[in-house]
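Q: Throw the hints in and build the complete structure from the sequences for me.
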Amino acid sequence: MRAGLVLRPVRFSLVFALSCVGACACLALTLPRPASAFGDAGAFDPRVLLTGNQTGPAHESAPGRWAWELMQRTSAPARLHASVVRADDPAVVLSPFLYWSGDAEVAPLTGAEIAGLRRFFALGGVMLVDDAGAGERGDESPFGRGARREIARVLPDATPVALGAEHVVFRTFYLLRRAEGRVQGPASLDAIVRGGQAQVIFSEHDLGGALARGASGTWERPVVPGGDLQRERAIRLAVNIAMYVLCSNYKDDQVHAPFLMRRRALYTP
Amino acid sequence: MDHATRLGPSGDLSPAVAALACGLALASFGMLLVEMRRRERGGALIAGTGLFAVVALLAAVLRPARISARESVVGARVVVLADTSRSMALPDAAGRDRRRDVRDEAVAKLQAAARDARLVLLGFGEGPPTPLPEPGPAAGGQRSDLGAALRALAASPEERPAAVVVVSDGRLDDPPEDASDVNLRALGDALRVPISAIATTREAPADASVRRVSAAGAAVAHVPLPVRVEVGCDGGLQCDEVLVTARELREDGPPMELTRGVAHVRDGKAALDLTITLERAGSRIVEIAIAHQPGDKIPENDRRLVTFDVARERVRVLHVAGRPTNDVRALRRWIKGDASVDVVAFFILRTPSDEVHATQNELALIPFPVDELFQEHLPSFDAIVLQDFDAQPYGLEKYLENIRRYVRRGGGLVMVGGENSFVAGGYAGTPLADVLPVELDGKPGATSADTSPFVPEWTPAGATSPLLAPLRDVVGDELPQMPGANVLGDVRPGGVALWRHPTRTTRSGGRMPVLAIGEEGDGRTVALAVDGTWELEFSELGAHTAGRGHGALWDGLLGWLMRDPRFEPAQLGVVGGCTAGQPPRIRVRLPQAGADEARSIVLDVSRLDKPAPPVHVEAARKADATSVDVGLPALEAGGYTARLRVGEGATTRYDFACEEGGDEWADSRPDPARLRALARVTGGAFAFAADAGSLPLPKPTRVSAERHVTPLAPPWSWTAAAAVLLGVHWIARRRSGLA
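Chains as they are written, first to last, in the numbering used here: chain C, -8 to 260; chain L, 3 to 741.
These are computed hints drawn from the structure, not numbers from a lab.
Careful, some of the hints might be misleading.
[As the list claims (entries may be wrong)] Chain L stretches covered by chain C per the calculated footprint, using a threshold of three residues with CB under 8 Å from any CB of chain C:
no.	stretch
1	349 to 361
2	535 to 546
3	680 to 686
[To be verified] From chain C, some residues computed to sit far from chain L (all C-beta separations above 12 Å):
no.	residue
4	Gly55
5	Ala143
6	Ala153
7	Ser179
8	Gly218
9	Asp243
Idealized CB from N, CA, C, for every residue including glycine.
A: Here is the structure:
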């Protein structure tokens, strides 16, 4: 026999029930009302960047799902309905993050688009370039190659470098060993680092493909070769990237070092 | 004035010519005497006529005249430099007379004895000498700088004195105790007159004192500072081991002991090395005191109040954020971008309701060390930033009292808005609310946030506040639209609103503050009721200003918290130091006033080391004045803090100490040997006060006036007489057988 709490039927009178309701109402009134929301202006917004003839992200549902996963898993607020902005729109400087994805060739950026992105980067904004057309081995698609080419025009003085597992982006929330998305791709991410901050992160893993989920609740794209485990790790990477945007190099602080070194030693994925 | 008459040569002859003529006359007569050895007879006749002829010839050259004049005797100008420093208020060894009284008696004796000298009585202390005040209960100056007084005399266009007489106890700042003869002689060389000295005191009183406190280098917050304490014990006092304590005077409570040690006295003196650590920047008063020694006749110098101007090498900030947002990101990036700021950050990245789908070991999360931070390490931080942080879930509530104490002891606190801040964070009615610059409404049903977007307005104080000047330089009057605000109450007494809500009002009917600052005890606090300052970076305004507005805002806020002089409304200082019993003057240096700037200055002075009635002084500022001296009533010895408010703006604080004797009483021993050496090397004389009347002084000078020269006879008569007598002498020679 299992020990446990035994619930006995209780006979409620109407007066007692009304008293309970009244007491609860009074109790609620005695508490200060929470400051639920100053809007979501300061929340993480996986803003979709459009250039040239682009009309949307490679995976329509990916930004919203990214925000949802972030809110479910962390304390960070996020916009479930990500905004969309064109590179030549003055609004490109209204938030510190841009998500640029695609699987087709990128049209050369216009002068206005380059100027807009330069203003965004000058303010310290961060961009994720997600190659939705990446091959299973992480081969760049025309979008990946084109995006790198155009970013080089925006930031001509910077060259992408590889971010290995030691980079803070792999431990901003989850401890990750490598980068993964819909495809496994290369273990590292590439990034243009300016002022100590990875300002443009290149993913050749189709991160959005792993996040995309249809209205029916089913994942839109299969994840290869690792299946659901790899999808989970891809979601974790997306969460980490969002946390990197919001917390910068917070997990590089010395106070975290001994804890994270111990965990790394214990954690075997 | 006397009349005098005498004979002299004609006025057109110089003394040299007259002397030459006299010499030639004597030589001529001498040669005549030699020549007389060849005479045959009549020696007396030759000599007599020769003498008359030479005299007549000399008279023809000199043409004697009667000189009459009115003459006077002028006494030598002697400058008496009497020591007016505060050490002259010390008693003599017997504990009866004060040195000042002995000095006055010595001066009186000197005046009585020097009838033929013109005595000019001056006092020396700090800078050029000044006319000695009438004998009375003068408090005395904080320095005894004889060197400055002598140099000022030498540079004076007035008549150079024939001698200088110094009347002092010999305990001088300049020349110092270990001055060599060369250095002492150099003092006299400036004037090139003998310097005599009268010593007022022979023996040291029975006294144990803190003679000197010196620090090795500048005081830096949180950094141990070596301090050397020199203890003296003289006048027959028996002290072998003397307890020395160092305590910091604080406004929020009794003095806090920093360290203590025992000084081992040998040959009447001891040096003790202590190490103190001051946690807060700004002017800080440290009391260095020795235990009272039985028989000590001057207990006032048993403690020194030392003002340390504590600088900051780096600012240590504790940044706690309730959740990661764009506002947290912006502040984090600004803090990390400033190399002078050391930040310890804790962000709440996960709440208990979050589904992380991972084991603990797969997460890069560490426990929030709330106990360690807010119990153990709190004093080591210069400022705490609580950003969108709810105290309750993380057990911070029990440490809010610690934070209140931390602020009152000089810490800085910023509460930044968000859905977990202020009323929503459960801070209303807590000890932390007592130190915020705004009131929080903790009543049932209180609204914690207004979610309607708005653009904050500058208050008049905000528009002129130095701490927001950098932001205004970047954005002017423009501010970005905020997505909402935490609901705050009125500004508490002493607080100042810098931004306000354009429409929302408090219960009192005033406009709701959005950004407010305040002082609480030793510390300062900032309430920022929005979480949208990141839009100073990422917005159209941010794009126009290259995002510099956010950094400019936080430069000012954190700089003001840390009392950075750039962000203070004024700079304060005590003119000439503060001596107990003498009304001090506080000099207020202000930035250039605008046309419509407030003119009123309010200064509140309160005692640090013990309860005492505060002093409240108001003054007015002239339109173009950048410096105002505010007089205070005489204060007792102790530590004080002065708070200044200009108009309705923020206050600034300045700590200062008033001492009974200060440096002048620290070493009560007289030093007649130094005075004796000074007199010796400059050619002067030395005497103790009892023998002041016997001090030798320069002789007076005779001065002639209304001089009249009258010839005794016309020049031709002298020439004719000389010719006749020479002729007679020639005849006498011929008759005596001389050629």
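Q: Could you tell me which of the numbered hints above are not met by this structure, giving the numbers in increasing order?
A: The structure breaks hints 3, 9; every other hint is satisfied.
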